[in-house]
Amino acid sequence: MKNIEVIARKELSSYLSSPMAYIVAAIFLALSGTFFATYLAGTNYTDTSIRGFLDASQILILLFAAVLTMRLVAEERKLGTWEFLLTSPVRESEIILGKFLAGLAVLSGMLALTLYYPLLLMVFGDPDLGPIATSYLGLFLLGSACLAVGIFASSLTSNQIVSAVVAGGLLFVLWFLGALANILPDAFGKIMVYLSLAHHFPGFTKGIVDTRAVVYYLSLSVLFNYLAIGLIETDRLR
Amino acid sequence: MFIRAHSWLNKIKKTKMIRIENVSKYYGARPAVEDISFNVAKGETVGFLGPNAAGKTTTMRIITGYLMPSRGNVHIAGYNMAHNALEGRRHIGYLPESVPLYLDMTTRAYLGYAARLRGLDKAKTTSRVNAVMERCGLLEYGDVVLAKLSKGFRQRVGLAQAIIHDPDVLILDEPTVGIDPIQVAQTRRLIRELGADRTILLSTHILPEVSMICERVVIIHQGRIVAQDRIENLSAVLGGSNRIQLKIEGPAAAVSERLGRLDGIRSVTYQPPFHILEPSADSEPRTAIMQAIFQNGWSLLSMEPVEMSLEDIFLRLTAKEG
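The listed protein sequences correspond, in order, to chains A and B.
Heads up, the first sequence is in the working numbering, so the first residue is 145 and it goes up one at a time.
Heads up, the second sequence is in the working numbering, so the first residue is 9 and it goes up one at a time.
The shape of chain B in the complex, shown without the other chains (with noise of 0.2 Å):
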């Protein structure tokens, strides 16, 4: 009875692959980050937002054990960090936001010390270090040394060995920051491929990534963190818009003015193809809507509520206190 209590509260431990309970820190008396909690679970990606100086860095340096938090704790994969920090270190592999590259090695050199810094005995450090410059697209650049690298190769340089050893969790800080959009594209595959069987915190600044690539994002706004929940979730936790997008053809000024006329429609936008409606709160015009069209004999090919987009969300929630 006891052991399987045991065990199960062991899964529960376990599932949880990062662990933040009231993490502080303190720079001299300015607070960079103060009393923020979450978790992780085992093989959720989850997106960590924030606008700049937000404390998005201090946090995940705190994670990875590069900085100890002033108050509150850290568990990663069921290992505090202020006690077993070289355990949980293991299972973290970590692109920190200033790639950390030694410019005179080789691609291959590097990567081979970093396999060999997080336990890979030597036989399997070349195997690995082959399979990660495949996976990363580095296997022409072996034997460049990292000092001649373009900014986007670099990039994948630090990606690889952030996961040469096959860490079960990954915190990424600004993956794809500073690199060209073919690049981006196959950062971001490549980061949702690792997603798949892994635990993934990335932060980043641009939204459409974190949609992209995220189940879940957490905002963290001067050192707080003012949101945390699944994309679709926070949208309508929001209350935010309950704008409906038409498409219509017919003629677009006169579909305009005559929508604009109906009750409970305080405002009517054409954005080529599109007519975006925003209805009053408490209203429910779409039959109103429909019935419009028809009696003008214009027909209705589509019409959908507008998602709040991250950018939407992201500008409400930290706007609230400046």
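Extracted from the complex, chain A is given alone in its bound form (with noise of 0.2 Å):
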């Protein structure tokens, strides 16, 4: 456990250290807060919801997550660190959980700094609290499963661009996965969009907080962790 922080804060510093989490999280504020206002804009100051934010946003998150876990595994291969890593008394566990829990921080701190979307309609309306709230439990909990993908495609290279191409792939097709429903049997089909990401994210945004939806994200989470764990252990086996 002390292995899993200690590695954490190691990983949470050297975001804080490097350009790239400040212009992830900068493009990330400047377009969901475009995509926020403009959906205002749209129904003339009506609605009070977050809708705007949050159609751009479950879409950004997929791309953010495969560029901000690019480096975690993939450039202490490059540098030669994995050697100092893997030769410590630390557990593959360890190293991933640790690297994932800075990915997972970097991501709340991003969200965070959207809450003044919600803040702003409190100030100028009455917008519902509930689906607000939700809708955020909701992204975190995607965020948490396209980090622990991106981690999994930086897993398996030792080049950061072909780890973020590998990982948004992976998050694309999952995401899209329910389109095949149209031209699979009906039972695959179902299966299908049951898996992909697009399908549990909805509920969030109403208000809703189904356990199906919280259940396949942290699975997906562990799957993915899991993956790169047993991914980094065949290292030693190369």
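Honestly, the hints are just simulated from the structure, not real lab data.
None of the values given here were measured: they were computed from a predicted structure.
Be aware that a few hints might be false.
To be verified - Once the Cα atoms are required to be at most 35 Å apart in a straight line, the calculated DSBU-like pairs of lysine-lysine come out as: (1) B:Lys-130 with B:Lys-24; (2) B:Lys-156 with B:Lys-130; (3) A:Lys-146 with B:Lys-156; (4) B:Lys-255 with A:Lys-146; (5) B:Lys-50 with A:Lys-146.
To be verified - Over the 10 Å line for every Cβ pair with chain A, so calculated as not near, a few chain B residues: (6) Thr-72; (7) Gly-73; (8) Arg-79; (9) Asp-112; (10) Arg-126; (11) Ala-193; (12) Arg-294.
We treat Cβ as the ideally placed atom computed from N, Cα and C, and that holds for glycine.
Put the two chains together into one complex, using the hints given.
Laid out in structure tokens, this is it:
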């Protein structure tokens, strides 16, 4: 447990001392803020929801998770620090979980920075806070699943670009999996819909916390972290 | 009775801090090391020698647990690295061939991270980082970002992270490569100091370094161990040279000519200020040499056997298959 914390702290300070996290956060805020505002303008300010922000950020999170996680393992392989880490008395699971937690912290920070959208709504109107709270929960869970996929991709390679492209690819496939329902037989189609990242998100925006959705995102997080741990364990067997 | 025997057994196990048994490693079908066995006793400093691509780095990566061997066993401080890797790794300080630095961190932050990863608590980390920075001459560079350090200082930081948790086993992969001569001397001195109460395995292809630092050498070539012994024994085992080195006061050319005519002398070479004689096998020409010198009125200042240098040993051993 202590090792996870040590690694997470180090990764977090690496994030904060390099421009990447700031650039990602800045672009995220600029884009999501624009969509937040334009949506409200589109309703002639009759709506007081964060729908504009949500529509944009659910896709943006996929991209940014792929970019934020690309360095986590791949860079260490390139720098040679992987040898430093793997010969220290820490478990593979502690390495991956530490890095995952650092990613989650950056994601939480980014989401926290967007809290001024609902604050603005509260100042100028009377928003329904329930759906807003569940939306943030949804974004956090979705982000967590995306980060896990990103770490898995980073564990595959020593090339950060490859990692980002693989992570982005995997995430978009998972997102649009539901579209396959149109060409597959009924039962298979339903399975694909259920397995898609997109299918479980809208509930949160309506204020519904569906256990299945929570379980789905958590399962993805666990699964891809687990796969990443398995991958780096095989590093020693090369 | 049983207890005594047990503790005695434990002692034997413990005194071998590094135990490598029949280790092989294949990359695909290609063997990188094959059937390697050797031990390093507690407190010993052993040089691990070999030409490039002989398998030195692979072997060290297996010892430190970075790679698992395809076959065979490695024990560190009595822990089997296949089953108790974490315990074993706690005892190891490792400087890999390419110094593993997070270039965006400062020296102090990096060493602190290394200390915490090796299990030191916060309070101990601060004092240990300071002590190690002082020992490695890094005190003034504590707040410098690692990317800005020169190669020599990066190497020092690499050594500092290896000893940050005061491990009893040190594995150093080419610790003096690529740094300037003054720093090389400092690094060697540091390694010798560290070796006083630690077990060290150090790889290098700089042969004089080995005779300066190490008590024993293990020589690897094409993935196999071709020799391991104390340095002085190795030259004896190889039966190598029985050459004699003389320092004589007298006209060099005449001396060469006279000594060359002696029975049992195959050749004489003059490398000022020494005459080097190569006697034929089984002859003992020393008496004849001295008489010849006295008869001519020259004086003999020194006479000693020429030790085979590590270079000679190395060339001879590795040339066998080539």
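Status of the hints after comparison with the structure:
A distance of roughly 32 Å separates the Cα atoms of B:Lys-130 and B:Lys-24; the hinted pair therefore holds under the 35 Å criterion. Under the criterion of a C-alpha separation no larger than 35 Å, the hint pairing B:Lys-156 with B:Lys-130 is consistent with the structure, at around 27 Å. Under the criterion of a C-alpha separation no larger than 35 Å, the hint pairing A:Lys-146 with B:Lys-156 is consistent with the structure, at around 31 Å. Proposed proximity of B:Lys-255 and A:Lys-146 is contradicted: the alpha carbons are some 66 Å apart, above 35 Å.
Of the supplied pair hints, the one linking B:Lys-50 and A:Lys-146 holds, its CA atoms being roughly 31 Å apart against a limit of 35 Å. The non-interface label for B:Thr-72 is inconsistent with chain A: the shortest C-beta to C-beta separation is roughly 4 Å, within 10 Å. Listed as outside the interface, B:Gly-73 is inconsistent with that label: its C-beta sits roughly 6 Å from the nearest C-beta of chain A, within the 10 Å cut-off. With a minimum CB-CB distance of about 13 Å to chain A, B:Arg-79 clears the 10 Å threshold, and the non-interface call stands.
B:Asp-112, annotated as away from the interface, has a beta carbon of chain A within 10 Å; the closest lies near 6 Å. With a cut of 10 Å on Cβ distances, B:Arg-126 falls inside the contact zone with chain A, its closest approach being about 6 Å. Residue placement check: B:Ala-193 keeps its beta carbon more than 10 Å from all beta carbons of chain A (closest about 26 Å). Every CB of chain A is more than 10 Å from the CB of B:Arg-294 (nearest about 54 Å), matching its label as outside the interface.
This entry does not satisfy hints 4, 6, 7, 9, 10, going by the numbered hints stated previously.
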